[in-house]
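Novice: Here are the chains, one letter per residue:
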Amino acid sequence: MTATTIPPVPLSRRVLPLVMLSPAVLVTLAIVFLPMAQAVWMSLHDYVLFRPKSFDFVGLKNFATALKDPVFWISLRHTVLWIAITVPAQMLLGLATALLLNQEFPWRGLARALVIIPWALPSVVIALMWVWIYDANYGVLNEFLLRMDLISTSIPWLANPDTALYAIILTLTWQGFPFFAVMILAGLQAIPRSYYEAAAIDGASKWQQFRNITLPGLAGVLMTATLLRLIWVANSIDVIFVMTGGGPGYSTYTLPLYAFINARTGLDYGYGSALAVCFTLLLLGFVILYLRRAGRNIG
Amino acid sequence: MTNKTKTRAFAAALLAGTALASAASAQNVNFWYHFDNADNPMSDLVEKFEAENPGITVTAENVPWNSYYDQLYTSIVAGTAPDAALVKLNALPRLIEMEALEPLDARLEGWEGLEEIQDNLLNLTAAADGTHYYLPVQYVVLYLYYRTDMFEELGLTPPATCDDFREAAKALTRDTDGDGRIDTYGFGFRGGKGGHDHWGSLVLSREGVGFGAGELTSDAGVAGTQFVLDLFQEDAVFPPSAPNDGFKEVIGAFQGGTTAMTIHHIGSSAGMVEALGDNVSAVPVPECGGGRWTSFGDESTAIFANAQDKEAAWKWISFLSSPENNAAFNVATGQLPVTKTDSANWTVHEQRFVDATIDSLPFAHLLPNVSETADFANTVWPVAMQRALIGELSAAEMNAEIDALYND
Chain A
21 MTATTIPPVP
31 LSRRVLPLVM
41 LSPAVLVTLA
51 IVFLPMAQAV
61 WMSLHDYVLF
71 RPKSFDFVGL
81 KNFATALKDP
91 VFWISLRHTV
101 LWIAITVPAQ
111 MLLGLATALL
121 LNQEFPWRGL
131 ARALVIIPWA
141 LPSVVIALMW
151 VWIYDANYGV
161 LNEFLLRMDL
171 ISTSIPWLAN
181 PDTALYAIIL
191 TLTWQGFPFF
201 AVMILAGLQA
211 IPRSYYEAAA
221 IDGASKWQQF
231 RNITLPGLAG
241 VLMTATLLRL
251 IWVANSIDVI
261 FVMTGGGPGY
271 STYTLPLYAF
281 INARTGLDYG
291 YGSALAVCFT
301 LLLLGFVILY
311 LRRAGRNIG
Chain B
2 MTNKTKTRAF
12 AAALLAGTAL
22 ASAASAQNVN
32 FWYHFDNADN
42 PMSDLVEKFE
52 AENPGITVTA
62 ENVPWNSYYD
72 QLYTSIVAGT
82 APDAALVKLN
92 ALPRLIEMEA
102 LEPLDARLEG
112 WEGLEEIQDN
122 LLNLTAAADG
132 THYYLPVQYV
142 VLYLYYRTDM
152 FEELGLTPPA
162 TCDDFREAAK
172 ALTRDTDGDG
182 RIDTYGFGFR
192 GGKGGHDHWG
202 SLVLSREGVG
212 FGAGELTSDA
222 GVAGTQFVLD
232 LFQEDAVFPP
242 SAPNDGFKEV
252 IGAFQGGTTA
262 MTIHHIGSSA
272 GMVEALGDNV
282 SAVPVPECGG
292 GRWTSFGDES
302 TAIFANAQDK
312 EAAWKWISFL
322 SSPENNAAFN
332 VATGQLPVTK
342 TDSANWTVHE
352 QRFVDATIDS
362 LPFAHLLPNV
372 SETADFANTV
382 WPVAMQRALI
392 GELSAAEMNA
402 EIDALYND
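Chains A and B supply the protein sequences, listed in that same order. Heads up: the first sequence begins at 21 in my numbering, then just goes up one per residue. Heads up: the second sequence begins at 2 in my numbering, then just goes up one per residue.
Please keep in mind that the hints were generated in silico from the structure rather than gathered at the bench. Beta carbons: idealized from backbone N, C-alpha and C, even for Gly. Mixed in with the good hints, there may be bad ones.
Beta-carbon label-pair distances, calculated as ranges [claimed, not checked]:
1. Asn121(B) x Arg97(A): 48 to 56 Å
2. Gly272(B) x Leu101(A): 34 to 42 Å
3. Asp76(A) x Gln234(B): 37 to 45 Å
4. Trp66(B) x Val160(A): 25 to 33 Å
5. Leu301(A) x Asn121(B): 49 to 57 Å
6. Thr81(B) x Trp127(A): 51 to 59 Å
7. Gly305(A) x Asp71(B): 26 to 34 Å
8. Gly292(B) x Val160(A): 40 to 48 Å
9. Trp66(B) x Ala210(A): 43 to 51 Å
10. Met149(A) x Asp360(B): 38 to 46 Å
Pairs of lysine-lysine, DSBU-like flavour, derived with a Cα cap of 35 Å [said to hold, decoys possible]:
11. Lys49(B) x Lys311(B)
12. Lys341(B) x Lys49(B)
13. Lys89(B) x Lys73(A)
14. Lys341(B) x Lys194(B)
15. Lys81(A) x Lys89(B)
16. Lys311(B) x Lys341(B)
17. Lys311(B) x Lys73(A)
18. Lys194(B) x Lys73(A)
19. Lys73(A) x Lys316(B)
20. Lys194(B) x Lys88(A)
Chain B residues, not near chain A, derived (Cβ > 10 Å throughout) [said to hold, decoys possible]:
21. Asp130
22. Ser269
23. Ala271
24. Ala345
25. Ala401
Let the sequences and hints guide you as you build the complete structure.
Specialist: Below is the structure:
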């Protein structure tokens with residue numbers, strides 16, 4: 021038996037995919053990696069925008085300054101709180117909503133459409149709306165709590181350092197839970213009904229069905245959605261910026277916001293870039309996890 | 002027509018077209034400004050200017066105030082700055098440092114409208130070395146707004162000193178509808194960005210207190226900031242939202258009756274009268290610790306060093322600071338004209354607010370004309386004031402932070 025030889029793939033066939041992909045790669049390099057490299061390069065310099073002529077290489081000085089900067093550590097602590105509360109809260113609320121919307125009830129289609137509204141609204145609109153809800157003088161939240169006799173005087177939710185960060189977290193939770201709800205709802209519909217029927221015949225309770233069928237069935241969706249949302253929430257500054265601008269004092273500073281304020285308001289692009297690079301490195305673990313997961317799905 | 006003639010005609014037309022196109026692009030003035038007002042007169046002014054100056058077109062871009070200077074500085078570095086723009090004095094040192102401005106002295110010398118500009122305004126807006134980069138276009142002076150009906154009801158007179166101010170604020174902080182909750186506060190304090198004017202009136206007025214080395218950290222300086230903190234923390238005469246309150250919140254609270262006094266300028270008087278009628282009036286800010294200090298609010302125009310056609314840009318900005326045009330500009334902004342003719346015929350504001358402005362002029366000041374002032378106004382003061390109000394900094398620590406910014 022003679023071995024059949026596979027004819028060599030012509031050079032044009034081998035090169036063609038690379039040629040077809042190269043525009044996308046070049047665009048990605050230009051609009052994603054070039055600014056990233058520029059940010060890293062700037063973080064190694066003293067670069068204040070209103071002194072454009074002085075662009076001095078200072079090595080890791082900006083990073084050393086960040087580590088000694090108390091506001092950096094305050095912002096980091098707030099960032100951890102911000103992520104650790106917002107993402108699980110969004111996920112739990114999204115899961116509960118998805119389970120509810122997966123039931124048969126009248127007007128279910130309308131309910132599914134309405135639940136998307138917070139997600140569809142621009143962040144700035146949401147932030148302004150919640151500023152009014154929290155308003156110490158006219159806000160409905162204080163009015164409701166006062167009428168229910170739960171508080172005796174209005175609480176300045178956004179002006180009190182003990183409540184400001186959590187008030188914004190609640191806002192972002194409200195804005196972001198529909199993302200989880202929609203993803204989980206799609207995941208729920210992919211679980212075959214026969215699993216539940218078989219489990220019911222075997223005498224499994226609703227809770228046992230949820231724990232042994234629903235949750236494992238949703239694991240992939242939950243993991244991907246959580247990783248994605250984690251990265252988005254960590255980077256989200258628009259809601260904080262509109263609601264408090266980081267105040268009162270440093271009460272609602274997060275690391276991306278601190279980097280933004282340094283670069284955009286203080287015009288200190290060197291230090292601002294160093295803060296952004298620090299934050300990116302901290303977030304890199306989650307990004308790698310997401311990329312590995314996404315890569316596995318494609319494979 | 003022969004072929005040769007056709008070719009020549011075509012070449013001539015091409016040349017003429019090119020010349021016209023280059024003339025048109027060279028004669029365009031790209032102008033940046035910021036108006037919050039819904040009633041924006043800029044297109045009318047542009048139309049009038051273009052009719053009077055054939056061949057020059059003006060592209061006027063209304064840039065949002067919140068990011069105005071961020072965008073301006075960025076555009077200068079990127080080489081896409083406008084030809085001319087509306088600018089405030091506290092931006093002057095940075096713009097000079099960036100070598101972004103065109104000196105105006107030579108043009109001012111030959112300008113027929115120079116005599117029309119109100120006395121001293123050009124001195125106030127000159128750079129530290131006396132060079133003029135700015136042409137004034139409007140100005141205001143901050144004063145104390147108060148609710149006449151509330152003062153009458155309690156038998157109070159507008160406060161002349163800080164002690165009067167404190168007593169009045171305490172009396173005015175009350176539960177007016179008997180539901181056990183405070184619904185009117187004595188003073189609407191602006192703890193957010195821009196509130197340094199409120200703080201300045203109560204602190205920088207004190208004898209020997211300013212931005213010089215050790216002046217804010219002196220006993221008088223610290224006492225001034227402590228006075229502000231006590232009003233909030235001990236007397237509770239500011240609304241609880243004061244640490245985060247900005248312009249809209251402070252003005253809204255006063256117009257809505259949540260506060261009985263606040264500090265602002267004539268620019269908001271039309272809205273105040275519309276909301277409160279005769280129940281609002283104004284007086285100069287109180288004398289505190291031996292002196293008075295209020296903020297002079299400026300707005301000028303400038304030509305940028307990279308302007309395509311500086312002569313056209315000058316014609317446009319000098320047009321805005323000329324009689325009639327300056328009045329039209331200020332009717333919309335609600336501020337005061339810089340020309341003598343327009344000032345003499347000014348009937349836009351109620352007289353009591355014009356009087357309060359004029360009475361405040363003798364002790365009106367500008368913040369130091371140095372690069373640090375932008376940081377002071379944008380970040381250092383708001384963050385330090387908020388931290389002091391919520392108890393994270395003492396008065397001495399807050400003043401030390403500002404002192405360090407200016408003097409270290």
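Novice: Indicate, hint by hint, whether the structure satisfies it.
Specialist: Going through the hints against the structure:
no. : hint                              : in the structure
1   : Asn121(B) x Arg97(A): 48 to 56 Å  : 51 Å, holds
2   : Gly272(B) x Leu101(A): 34 to 42 Å : 40 Å, holds
3   : Asp76(A) x Gln234(B): 37 to 45 Å  : 44 Å, holds
4   : Trp66(B) x Val160(A): 25 to 33 Å  : 29 Å, holds
5   : Leu301(A) x Asn121(B): 49 to 57 Å : 55 Å, holds
6   : Thr81(B) x Trp127(A): 51 to 59 Å  : 52 Å, holds
7   : Gly305(A) x Asp71(B): 26 to 34 Å  : 32 Å, holds
8   : Gly292(B) x Val160(A): 40 to 48 Å : 45 Å, holds
9   : Trp66(B) x Ala210(A): 43 to 51 Å  : 50 Å, holds
10  : Met149(A) x Asp360(B): 38 to 46 Å : 42 Å, holds
11  : Lys49(B) x Lys311(B)              : 20 Å, holds
12  : Lys341(B) x Lys49(B)              : 21 Å, holds
13  : Lys89(B) x Lys73(A)               : 23 Å, holds
14  : Lys341(B) x Lys194(B)             : 33 Å, holds
15  : Lys81(A) x Lys89(B)               : 34 Å, holds
16  : Lys311(B) x Lys341(B)             : 26 Å, holds
17  : Lys311(B) x Lys73(A)              : 24 Å, holds
18  : Lys194(B) x Lys73(A)              : 29 Å, holds
19  : Lys73(A) x Lys316(B)              : 31 Å, holds
20  : Lys194(B) x Lys88(A)              : 26 Å, holds
21  : Asp130                            : 18 Å, holds
22  : Ser269                            : 19 Å, holds
23  : Ala271                            : 23 Å, holds
24  : Ala345                            : 39 Å, holds
25  : Ala401                            : 15 Å, holds
Hint compliance for this structure: no hint is broken.
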